[in-house]
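> Just so you know, the sequences run in chain order R and X.
Just so you know, we're using our numbering here: the first sequence kicks off at 795 and counts up by one.
Just so you know, we're using our numbering here: the second sequence kicks off at 17 and counts up by one.
Just so you know, not all the hints are guaranteed correct.
What the hints assert, rightly or not - Under the rule of at most 20 Å between Cα atoms (straight-line distance), these lysine to aspartate or glutamate pairs were calculated in the DMTMM-like manner: (1) X:83 x R:842; (2) X:19 x R:842; (3) X:19 x X:87.
The hints are simulated quantities; they were obtained by calculation from the structure and are not laboratory data.
The chain contents come next:
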Amino acid sequence: METEFTPWMSLAGGILIGLSAILLMMFNGRIAGMTGIVTGIIPPVSSDWAWRIAFLAGAVIGPVLFLAFGGTIPYAVPVSLPLLALGGLIVGVGVYYGAGCTSGHGVCGMARLSPRSIAATLTFMIFTGLTVYVVRHIAEI
Amino acid sequence: MQKLIVSGLIGAVFGLGIAISGMANPAKVLNFFDVAGSWDPSLIFVMGGALITTAIGYMVVFGARRKPVFDAEFHLPINKTVDARLLGGSALFGIGWGIAGFCPGGAIPALGFGGLHVLAFVGAMVIGIVLARTLDGLRHKPAKAF
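Can you build the whole structure from these sequences, using the hints too?
Okay, here's the thing in C-alpha cells:
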C-alpha cells in the first residue's frame, strides 16, 4: 500500500512532539516517553499516576479535537488483528526490558545524547527494518 | 490541579503531533521501513524535527531552570550501562513494531480514532508489559527505569 510523502506535515508533527517533550521536562521534570508514562499507570501504579492519566487523556483527546475541527489524519492498518495482537505483545515485553521506545529513547534520550538511548534506538530501528523486510519480502504475509 | 491541567495540555500537543506526523498511521510507518518496497521517507522529518527541537529545548530548560515548575527535581535516568537487557528488549520492540506498525507513542493517540485495530495492539501491549514485569519478579517499582 503506497502512502503519500508528507515532509511538511511530518516535520510539523515532529516539532510538536519535541515541544511536548520540552514542556513536560520544564513543568513536570519528566521524560516524555510513552513506555514510562503508560507503565506507571498499570497496577501496581506509581505514586505519581495522576499526571500520567492526564497526559494520556490529552494525547487521546488532542487528535479527536483536531478531527472535530475539520482536520484530517490519514490512517490505514495493513495488518491483520492477530498480527497486531502478536506485535503488541512483543512490543510490550520489549519496551519493558528495553526501558523505553521511540518517544523516550528515540527523541528524549537521543536529544540528551544518552549512550543507552542511542544504543537502544539504533537497535530497534535496525530490527524494525529487518522485520518489515522479512514480513513483506520473504514471508510475504 | 494546575499540574493535571498542564499535563493534559502537554499530552494533547504530543497526541496532535503524533497524529499529523504520521506516526499513528501503521501504513506510513511500515512504508518508512520498507526501503525495498513502497518506501515513504516522511518519518525522517518526524524524527529529525522532534530530535532537533527537543535537543535545543532541553538545553534552554536545563540552562534556565534549576528545577521544574511542578517538581523538586528533574527526573533523568542515571543508568549509563548498555547491557544485554537494554539491547535485547530494544530488539524485541523492533520486531513487534515491524510486525504491527504501531509503537507505544504512535498507538495511544490513535485510540480515539483508530477503532478495533489499535485497541487490539494496545491491549496486547499492556499484557506484554504486565507479563514482562511479572517475569522480572515484581522487584522493580513501576517506572523505576524511566
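> Each hint: holds or not?
Against the structure, the hints:
| no. | hint | result |
| --- | --- | --- |
| 1 | X:83 x R:842 | holds, 17 Å |
| 2 | X:19 x R:842 | holds, 11 Å |
| 3 | X:19 x X:87 | holds, 10 Å |
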